[in-house]
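If you're matching them up, the sequences are chains A and B in order. Residue numbers for the first sequence follow numbering that gives the first Met the number 0, so the first one is 0 and each next one is one higher. Residue numbers for the second sequence follow numbering that gives the first Met the number 0, so the first one is 0 and each next one is one higher.
A couple of the hints might just be wrong.
As the list makes no split between identical chains, a pair holds if one copy fits it or if it spans any two.
Keeping only pairs whose Cα atoms sit at most 30 Å apart, straight-line, the calculated DSSO-like set for lysine-lysine is [as the list claims (entries may be wrong)]: (1) Lys184 x Lys327; (2) Lys184 x Lys113; (3) Lys184 x Lys88; (4) Lys327 x Lys113; (5) Lys257 x Lys113; (6) Lys113 x Lys269; (7) Lys269 x Lys257; (8) Lys131 x Lys113; (9) Lys327 x Lys131; (10) Lys327 x Lys257; (11) Lys269 x Lys327; (12) Lys88 x Lys113; (13) Lys269 x Lys88; (14) Lys88 x Lys257; (15) Lys184 x Lys131; (16) Lys88 x Lys131; (17) Lys184 x Lys269.
It is worth saying that the hints were derived from the structure and are not from the lab. Just so we're clear, the structure is a prediction, and the values are computed from it rather than from any experiment.
Protein chains: 2
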Amino acid sequence: MRIAVDAMGGDHAPDEIVRGALLYRDSGGVADIILVGREEVVRAALGTAPRPGITVVDARDVVEMHEHPSSELRRRTDTSIGVATELVKRGAADAVVSAGNTGATMASAVLILKRIPGIDRPALCGMLPTVKGTPACLIDAGATMDAEAHNLLQYAQMASRFMERVHGVARPTVGLMSVGEESGKGGRLQHEAHALLSGAADITFFGNIEGRDPLRGTTDIVVCDGFTGNVLAKGMEGVVDVFRDGIRNDIFGGVLGKIAYVIALGGVRKLRGRLDYDEYVSAPLLGVGGVSVVTHGRARANMLRHAIKVAERSVSQGLIGAIQAGQKAGQGAGPGATA
Amino acid sequence: MRIAVDAMGGDHAPDEIVRGALLYRDSGGVADIILVGREEVVRAALGTAPRPGITVVDARDVVEMHEHPSSELRRRTDTSIGVATELVKRGAADAVVSAGNTGATMASAVLILKRIPGIDRPALCGMLPTVKGTPACLIDAGATMDAEAHNLLQYAQMASRFMERVHGVARPTVGLMSVGEESGKGGRLQHEAHALLSGAADITFFGNIEGRDPLRGTTDIVVCDGFTGNVLAKGMEGVVDVFRDGIRNDIFGGVLGKIAYVIALGGVRKLRGRLDYDEYVSAPLLGVGGVSVVTHGRARANMLRHAIKVAERSVSQGLIGAIQAGQKAGQGAGPGATA
Numbered sequence: 000m001r002i003a004v005d006a007m008g009g010d011h012a013p014d015e016i017v018r019g020a021l022l023y024r025d026s027g028g029v030a031d032i033i034l035v036g037r038e039e040v041v042r043a044a045l046g047t048a049p050r051p052g053i054t055v056v057d058a059r060d061v062v063e064m065h066e067h068p069s070s071e072l073r074r075r076t077d078t079s080i081g082v083a084t085e086l087v088k089r090g091a092a093d094a095v096v097s098a099g100n101t102g103a104t105m106a107s108a109v110l111i112l113k114r115i116p117g118i119d120r121p122a123l124c125g126m127l128p129t130v131k132g133t134p135a136c137l138i139d140a141g142a143t144m145d146a147e148a149h150n151l152l153q154y155a156q157m158a159s160r161f162m163e164r165v166h167g168v169a170r171p172t173v174g175l176m177s178v179g180e181e182s183g184k185g186g187r188l189q190h191e192a193h194a195l196l197s198g199a200a201d202i203t204f205f206g207n208i209e210g211r212d213p214l215r216g217t218t219d220i221v222v223c224d225g226f227t228g229n230v231l232a233k234g235m236e237g238v239v240d241v242f243r244d245g246i247r248n249d250i251f252g253g254v255l256g257k258i259a260y261v262i263a264l265g266g267v268r269k270l271r272g273r274l275d276y277d278e279y280v281s282a283p284l285l286g287v288g289g290v291s292v293v294t295h296g297r298a299r300a301n302m303l304r305h306a307i308k309v310a311e312r313s314v315s316q317g318l319i320g321a322i323q324a325g326q327k328a329g330q331g332a333g334p335g336a337t338a
Numbered sequence: 000m001r002i003a004v005d006a007m008g009g010d011h012a013p014d015e016i017v018r019g020a021l022l023y024r025d026s027g028g029v030a031d032i033i034l035v036g037r038e039e040v041v042r043a044a045l046g047t048a049p050r051p052g053i054t055v056v057d058a059r060d061v062v063e064m065h066e067h068p069s070s071e072l073r074r075r076t077d078t079s080i081g082v083a084t085e086l087v088k089r090g091a092a093d094a095v096v097s098a099g100n101t102g103a104t105m106a107s108a109v110l111i112l113k114r115i116p117g118i119d120r121p122a123l124c125g126m127l128p129t130v131k132g133t134p135a136c137l138i139d140a141g142a143t144m145d146a147e148a149h150n151l152l153q154y155a156q157m158a159s160r161f162m163e164r165v166h167g168v169a170r171p172t173v174g175l176m177s178v179g180e181e182s183g184k185g186g187r188l189q190h191e192a193h194a195l196l197s198g199a200a201d202i203t204f205f206g207n208i209e210g211r212d213p214l215r216g217t218t219d220i221v222v223c224d225g226f227t228g229n230v231l232a233k234g235m236e237g238v239v240d241v242f243r244d245g246i247r248n249d250i251f252g253g254v255l256g257k258i259a260y261v262i263a264l265g266g267v268r269k270l271r272g273r274l275d276y277d278e279y280v281s282a283p284l285l286g287v288g289g290v291s292v293v294t295h296g297r298a299r300a301n302m303l304r305h306a307i308k309v310a311e312r313s314v315s316q317g318l319i320g321a322i323q324a325g326q327k328a329g330q331g332a333g334p335g336a337t338a
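Just chain A, same shape as in the assembly:
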């Protein structure tokens, strides 16, 4: 197995990306890694020691984090994310992983790998930590705007296959994000989606959930439209940041705080462990014809290692085939299926 990694993508690229690839290999990762980026820069980060299982493919262009990739991305043929995705298309790699510009990673996947037949809109499947200690996923975390009910059903189906195959969850439960638990809650989209999800045989539908539920781990899968998912994920992340800063600077900031920190260290580690999302933060883009995993722009080596692991399991467990088989079996309810 070979996994192409965008070595230039992310706030800490290329050093932390290259370190993440090494960490993946050193911790027993079975896939060979293809680092894609400016060759001299990537090789400098790799160092001179021999690195079995790691190769470098040159790409001269980089989509920067702050860029807003649009149609012009089609004309840029030598970006690290574009070249890495092309490797998957040509069969020279089995998956692509990037901590870079999410829009560019998604656009590359859709343009180059194309959608899976029957899937109308791709969706970003964002992983979240929960207070139960089990991971949950939020789909769609922002790939598609103006989703319709049949899209939400496909999200539920794709995420179910992902949680079964990649995270080993048997019969993962699906919650529909709404403003109350009764089936009548929400707007037109939620009413229609509730009916479709209730009738689907290939998912375990829990019912409506609310904004507090993802973190509580009420269901394994949280389904919502990409606008809501993006706003919710960023909103929750914003609160996490405020508390992290608050604990660091307010509670443990001054001289007394530093003493208290040493005394409370066990508890701090407990809370940190509970909310550590390095393992979870990778978000596969589901619905495209290949494995494409996005991870956080802030990703450092350990987070990247886990993202590569998610890509590896997606390949070894046949995720794409499982999603395709579901669509072929007519379990998908796209406009084609309902017409």
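Given the coordinates of chain A, assemble chain B onto it according to the supplied hints.
Leaving out everything else, chain B in the frame of chain A:
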């Protein structure tokens, strides 16, 4: 001025509600308070000492927190929230405040006080703390599903009048919730709303904001549809709860933790003060023909005191008249204005 308070509404009713009313009066509140609820219960909570400026109005029925008020609410004529809202309608009170069932408070306001002419859909204006220390408001926090762009413009106008009059913010800035700051980001609703907000003369439009921005205090007002606002508010609150529990139980839980707590107490208070939202958590329902303020179901006396204060300022500063005047001046862009 007289403010009707639903004495039976909220997790800690009637004791904390009654205490909140007393606290309001004792801290210099100028409005007389009318406590509405089962008279014998309310009087027991009030105690036997004379309480100038506080009267009790009997109502035998209560909408419980877990009830889902629907059309049947019309038939229940003796609920505490219904009777309190009727007092405003009849001119026997100038505002109504409730920590009870939000759906029932909103339904009572819409049914009894009616919408302000020109306002198509009412909106809940939820207050949020920000890291800047200034309050911000999120409108609509969940009153209306399936909002359209002209509704979002009216939310921005109503919240601008609210922040000017009640919170004394000159030229409050309005951010449109989206998935990126460029004007092209988001779905159809956001594109249309961006165009309307950009063209409105009676608001100070900042542009698009993202899920992280409300807590950062990027703008004084956050405008979004009620579905998104409800999910975002509950999602953020869920994270706050997890951290509060984590700080209390994980960091400061054990014997060492308790020692650390004493040492770090100054810092803990600093963080708590930064995130204290007692002052902010009241959410007026804007767009109805009277002052109706909802506060958190968990509200205790201090939070209720602040909610009464918000109602008092809304009345004394002529909030309803300011919203009506804006609509009459044709600054509103309802379907009538654009047709």
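These are the hints, each one checked on the structure:
In this assembly of identical chains, the alpha carbons of Lys184 and Lys327 never lie at most 30 Å apart, being 32 Å within a copy and 33 Å across copies at closest. In this homomeric assembly, Lys184 and Lys113 come within 30 Å of each other (Cα to Cα) only across copies, at 23 Å, whereas the closest approach inside a single copy is 35 Å. In the homo-oligomer, the alpha carbons of Lys184 and Lys88 lie at most 30 Å apart only across protomers (29 Å), although the nearest pairing inside one protomer, at 43 Å, exceeds that limit. Taking the shortest alpha-carbon separations for Lys327 and Lys113, only the intra-copy value of 17 Å comes in at or below 30 Å, while the best inter-copy value is 52 Å.
Taking the shortest alpha-carbon separations for Lys257 and Lys113, neither the intra-copy value of 53 Å nor the inter-copy value of 57 Å comes in at or below 30 Å. In this homomeric assembly, Lys113 and Lys269 never come within 30 Å of each other (Cα to Cα): the closest approach is 43 Å inside a single copy and 52 Å across copies. In this homomeric assembly, Lys269 and Lys257 come within 30 Å of each other (Cα to Cα) both inside a single copy, at 18 Å, and across copies, at 15 Å. With identical chains, the CA atoms of Lys131 and Lys113 are never at most 30 Å apart, being 36 Å at best within one copy and 45 Å at best between copies.
For the identical chains of this complex, Lys327 and Lys131 are neighbours neither inside a copy (35 Å) nor across copies (53 Å), given an alpha-carbon limit of 30 Å. For the homomeric pair Lys327 and Lys257, neither the shortest alpha-carbon distance inside one copy (60 Å) nor that between copies (59 Å) is at most 30 Å. In this homomeric assembly, Lys269 and Lys327 never come within 30 Å of each other (Cα to Cα): the closest approach is 46 Å inside a single copy and 58 Å across copies. Proximity of Lys88 to Lys113 under the C-alpha cut-off of 30 Å is restricted to the intra-copy arrangement: shortest distance 9 Å within a copy versus 60 Å between copies.
Taking CA atoms no more than 30 Å apart as the test, Lys269 paired with Lys88 passes in neither setting, with 43 Å inside one copy and 54 Å between copies. For the homomeric pair Lys88 and Lys257, neither the shortest alpha-carbon distance inside one copy (52 Å) nor that between copies (57 Å) is at most 30 Å. Taking the shortest Cα distances, Lys184 and Lys131 sit within 30 Å of each other inside one copy (26 Å), while across copies they are farther apart (34 Å). Proximity of Lys88 to Lys131 under the C-alpha cut-off of 30 Å is found in neither arrangement, the shortest distances being 38 Å within a copy and 48 Å between copies.
Taking CA atoms no more than 30 Å apart as the test, Lys184 paired with Lys269 passes in neither setting, with 37 Å inside one copy and 39 Å between copies.
In the structure shown, a violation is registered for the earlier hints numbered 1, 5, 6, 8, 9, 10, 11, 13, 14, 16, 17, in ascending order.
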